[in-house]
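Asker: Under my numbering, the residues of the sequence shown are numbered 452 to 842, in order.
It cannot be assumed that every hint is accurate.
Cross-link-like lysine-lysine pairs, in silico, DSSO-like; alpha carbons within 27 Å at most [to be verified]:
1) Lys-749 <-> Lys-767
2) Lys-733 <-> Lys-709
3) Lys-699 <-> Lys-840
4) Lys-749 <-> Lys-715
5) Lys-749 <-> Lys-733
6) Lys-583 <-> Lys-495
7) Lys-738 <-> Lys-767
8) Lys-712 <-> Lys-741
9) Lys-672 <-> Lys-836
10) Lys-767 <-> Lys-733
11) Lys-733 <-> Lys-712
12) Lys-836 <-> Lys-733
The calculated label-pair distances, taken between Cβ atoms and stated as ranges, are [as the list claims (entries may be wrong)]:
13) Thr-841 <-> Val-707: 29 to 37 Å
14) Asp-763 <-> Thr-683: 31 to 39 Å
15) Thr-683 <-> Arg-623: 27 to 35 Å
16) Gln-593 <-> Ala-771: 16 to 24 Å
17) Glu-773 <-> His-648: 35 to 43 Å
18) His-734 <-> Ala-829: 15 to 23 Å
By construction, these hints were calculated from the structure, which means they are not laboratory data.
Yeah, the Cβ is synthetic: ideal placement off N, Cα and C, and Gly gets one too.
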Amino acid sequence: MGRPNPMSGLALPGCERPSEDPSGSKDIYVFDFDMLDLSPSLQKALKQGGFSEPTPIQGKAIPLALEGHDILGLAQTGTGKTLAFGLPLIEALLAQPGKPHPKSAKALILAPTRELVGQIADSLRPLMDGTKLRITTVVGGQSIGRQMRALANGTDILVATPGRLIDLMERRAVDLGHTRNLVLDEADQMLDLGFIHALRKIAPALGTPRQTMLFSATMPKQMEELSRGYLTDPRRIQVAPPGKAADKVTQSLHFVEKADKPRKLRDILQPDDLTLVFARTKHGAEKLMKGLVADGYKAASIHGNKSQGQRDRALKAFRAGEVNVLVATDVAARGIDIPGVGYVINYDLPDVAENYVHRIGRTARAGREGEAIALVCAEEMDLLKQIEKTM
Numbered sequence: 452m453g454r455p456n457p458m459s460g461l462a463l464p465g466c467e468r469p470s471e472d473p474s475g476s477k478d479i480y481v482f483d484f485d486m487l488d489l490s491p492s493l494q495k496a497l498k499q500g501g502f503s504e505p506t507p508i509q510g511k512a513i514p515l516a517l518e519g520h521d522i523l524g525l526a527q528t529g530t531g532k533t534l535a536f537g538l539p540l541i542e543a544l545l546a547q548p549g550k551p552h553p554k555s556a557k558a559l560i561l562a563p564t565r566e567l568v569g570q571i572a573d574s575l576r577p578l579m580d581g582t583k584l585r586i587t588t589v590v591g592g593q594s595i596g597r598q599m600r601a602l603a604n605g606t607d608i609l610v611a612t613p614g615r616l617i618d619l620m621e622r623r624a625v626d627l628g629h630t631r632n633l634v635l636d637e638a639d640q641m642l643d644l645g646f647i648h649a650l651r652k653i654a655p656a657l658g659t660p661r662q663t664m665l666f667s668a669t670m671p672k673q674m675e676e677l678s679r680g681y682l683t684d685p686r687r688i689q690v691a692p693p694g695k696a697a698d699k700v701t702q703s704l705h706f707v708e709k710a711d712k713p714r715k716l717r718d719i720l721q722p723d724d725l726t727l728v729f730a731r732t733k734h735g736a737e738k739l740m741k742g743l744v745a746d747g748y749k750a751a752s753i754h755g756n757k758s759q760g761q762r763d764r765a766l767k768a769f770r771a772g773e774v775n776v777l778v779a780t781d782v783a784a785r786g787i788d789i790p791g792v793g794y795v796i797n798y799d800l801p802d803v804a805e806n807y808v809h810r811i812g813r814t815a816r817a818g819r820e821g822e823a824i825a826l827v828c829a830e831e832m833d834l835l836k837q838i839e840k841t842m
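With these hints in hand, go ahead and build the complete structure from the sequences.
Answerer: Have a look at this one:
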């Protein structure tokens, strides 16, 4: 998969061997992208993007992926996973000249939400500047006919949500038999959203042999089973214990009566700071957003009842500062990279304790500081105990 890594087996200056993998071999940790024997186009893209020092997940995963190993990566969101799989994936494709077959994809990236699919594609496109590689996205909530036409001539990288990919497979609009690179991003959330049956349908359609990289923030029992089915002799990489809060996030709790939550939220909201407010249900998020707008706040919402266009417009307005309060369900807890978020407010605690970590990880991005505040009522004390136990 890609060119042989010249660092294999070498103890280079400035590198350390932090741990041994289960097979007993030691891994090299890369402190500088210049140490990698990447294609000139990728080296140029990294410099233009201002990338010089890899994050821990990148420093551990990229050398192993360049050697062709399957990767099992455990890391919370915001740690640089997209580049960790994107660089070796693009490098492998650059070593495979030739156009893709009609209706096919040389590489497949699966992600749980429409927003994450778009973010992955946006992150990878600059890395492909100056190459002939093409990237295509397919998600639900958009015209399937347009997506079928986009796939007609094939693509190098297909980024997809599992449900829409199954729809396209059933219509024979995509052939995965030529796919030799697979990435499962935020795999645990795909399981949470019920995509396990879709994944089981997709796996047999993929070409072999292939390289697979699976990234997850947590490792529940079902994830262990999934990894055994998809990965061959994987190298396991973990850069932060599951349940560990993102660095530089200040956390606090406010114990309030349920009926007092709306007033307390308004007391906390800062007029000029980007604030992400999490509600438990779609209906609750929409009701909360409309109440804030009625009180003069610049607010928007994203949840499962919104169309893709509505969700995209809300995120764009939030990023641009046109609205400074975004009310969301857990659909926004993974993979949405909005560096300027200063506050995350858990208006409702999540039903799944691990989602608390993902929610508060939406602030303190890219080395910044952030604050996470939870409004906790008596009915949520059991949920709070589960969060404390997880963390």
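Asker: When you check the alpha-carbon spacing of Lys-712 and Lys-741, does it fall within 27 Å?
Answerer: Within the cut-off at roughly 15 Å; holds.
Asker: If I claimed the Cβ atoms of Thr-841 and Val-707 lie 29 to 37 Å apart, would that claim hold in this structure?
Answerer: Given range 29 to 37 Å: violated, Cβ gap about 22 Å.
Asker: Please work out if Lys-699 and Lys-840 have their alpha carbons no farther apart than 27 Å.
Answerer: Roughly 21 Å separates the two Cα atoms, so the pair holds.
Asker: For the pair we were handed, Lys-733 and Lys-712, check the Cα-Cα distance against 27 Å.
Answerer: 17 Å, holds
Asker: Is it true that the CA of Lys-583 sits at most 27 Å from the CA of Lys-495?
Answerer: 15 Å, holds
Asker: Holds or violated: are the alpha carbons of Lys-749 and Lys-767 at most 27 Å from each other?
Answerer: With Cα atoms ~14 Å apart, Lys-749 and Lys-767 stay inside 27 Å; holds.
Asker: Does the Cβ distance between His-734 and Ala-829 fall inside 15 to 23 Å?
Answerer: Given about 22 Å between the Cβ atoms, the range holds.
Asker: Does Lys-733 lie within 27 Å of Lys-767 when you go C-alpha to C-alpha?
Answerer: 20 Å, holds
Asker: Range hint 16 to 24 Å: satisfied by the CB atoms of Gln-593 and Ala-771?
Answerer: The hinted range 16 to 24 Å holds for Gln-593 and Ala-771, with Cβ atoms some 22 Å apart.
Asker: If I claimed the Cβ atoms of Glu-773 and His-648 lie 35 to 43 Å apart, would that claim hold in this structure?
Answerer: The hinted range 35 to 43 Å holds for Glu-773 and His-648, with Cβ atoms some 39 Å apart.
Asker: Please verify whether Lys-836 and Lys-733 have alpha carbons no more than 27 Å apart.
Answerer: 24 Å, holds
Asker: Are Lys-749 and Lys-715 close enough, with their CA atoms no more than 27 Å apart?
Answerer: The hint holds at about 17 Å.
When the structure is compared with the earlier hints, a violation turns up for hint 13 alone.
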